[in-house]
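*Asks:* Kindly generate the complete structure, drawing on both the sequences and the hints.
Residue numbers (the numbering used here), protein chains in the order written: chain A, 3 to 206; chain B, 95 to 365.
If you're looking for bench data, these hints aren't it; they were derived computationally from the structure. There's no promise every hint is true.
Incomplete in silico selection of chain B near chain A, CB under 10 Å [said to hold, decoys possible]:
| # | residue |
| --- | --- |
| 1 | 165 |
| 2 | 271 |
| 3 | 272 |
| 4 | 316 |
| 5 | 345 |
Calculated pairs, BS3-like style, for lysine-lysine (alpha carbon to alpha carbon, straight line, at most 30 Å) [to be verified]:
| # | chain 1 | residue 1 | chain 2 | residue 2 |
| --- | --- | --- | --- | --- |
| 6 | A | 7 | B | 292 |
| 7 | A | 74 | A | 202 |
| 8 | A | 202 | B | 180 |
Idealized CB from N, CA, C, for every residue including glycine.
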Amino acid sequence: MTIFKHNGSAVVAMVGKNCFAIASDRRLGVQLQTIATDFQRISKIHDKLYIGLSGLATDSQTLYQRLVFRHKLYQLREELDMKPETFASLVSAMQYEKRFGPYFCQPVIAGLGDDDKPFICTMDAIGAKELAKDFVVAGTASESLYGACESMFKPDMEAEELFETISQALLSSVDRDCLSGWGGHVYVVTPTEVKERILKGRMD
Amino acid sequence: MLDTTALESFPSLISHGINVAGEISAPPSFQLPNSNDFDGFVKETIQMVKPAKGTTTLAFIFKEGVMVAADSRASMGGYISSQSVKKIIEINPYMLGTMAGGAADCQFWHRNLGIKCRLHELANKRRISVTGASKLLANILYSYRGMGLSVGTMIAGWDETGPGLYYVDSEGGRLKGNRFSVGSGSPYAYGVLDSGYKYDMSVEEASELARRAIYHATFRDGASGGVASVYYVGPTGWKKLSGDDVGELHYHYNPVTPSTVEQEMVEAAGP
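*Replies:* So, in structure tokens, the structure goes:
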């Protein structure tokens, strides 16, 4: 199995009206064997910036720790939280530094930028950014996720409707993937609050 | 010698040896591919079918008869191609076969076995034993050994000597036993099956054990899932006992209780 399929993952982010949602599955596996059903793939950088890392689990944990370190230094120097666009450039640069021995991760970055405008982007393992206005996907279930998001997405959804849409897209896609699923984890972020929810999914 | 009974058709039975045009007709055989590198081609097909044993099937003998259970997922690499595959094949009203490996191989050769069993009944005026049926299948598979068939099956049935269970595979192996599990999820199913097994179980206890073993395998194994089917083979033949969706079984065994809220934001009293 390719290295990207070793642990299995599914991450998706969607843009709504002045809000965004980012969701992931909860499985950690070693090839076909499931080891954990509560693995955290989405992490907070600051209140209005989240990053979901799909791909090889050890690399996603290490990359996350290095990004937190760089962001904390930035906060100390600039006395400011990083803007999502700046953070995306940081992640891309850090990944390209390892061009000939890369981190086997595909990050999905979602945040609220200036004037609380939602921002999402994904990149490949060596830092090629893909900015999107509607949704971005990553992981072993990415092809199913593309299909599900394309058909279910509508622009300018409110937070509740966005939550429903992203949850349905995630669950229906991971139900067609052997290597991801076993529940779901959704964060819906608006300028005033963050709602974190665990989804009840098929555990097979 | 390859078993070619599957290929015989009526015209060749009528004029075996010399046909209408006066030429000597060739014996029936499977068409082989015209490839420059036949060995390499065969190796590639074997590799293509290898990951196909993504499944969990199990069968065990107990006091009341034989219990047979399987999941229903078909996977192609990481993609789930179906969640509703029938992996327990009804060979005849008193014998079942399980499917693991290549679906086409299992379906075809089990049907072929059913035909042979019926022919045996007609020729000998008595039902074939499970021993005999499993031997027929094992001999067929042995003759195709090394050609890339992928079959890991259990033949379960009830004959004059009582309940019978054999494991037969495409490597040519045939084993008689009381408890078997086949497929990528079999280690997980064995764990549950072995720790809960008693010879003196009732049909309900045995079916619950079989269902639980399949459920636990679908939870841990990525290539198993869908529906857990359980069949019982008794003195009067086989009967399907249950087909429960594994997604629902999980919450049946592990009911969700509302968890305590760790942090809750409350509206501050306004001015």
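*Asks:* Now tell me if each hint is right for this structure.
*Replies:* Going down the list of hints, with the structure as the test:
no.: 1; hint: 165; result: holds, 8 Å
no.: 2; hint: 271; result: violated, 25 Å
no.: 3; hint: 272; result: violated, 27 Å
no.: 4; hint: 316; result: holds, 4 Å
no.: 5; hint: 345; result: holds, 7 Å
no.: 6; hint: A:7 to B:292; result: violated, 40 Å
no.: 7; hint: A:74 to A:202; result: violated, 34 Å
no.: 8; hint: A:202 to B:180; result: holds, 27 Å
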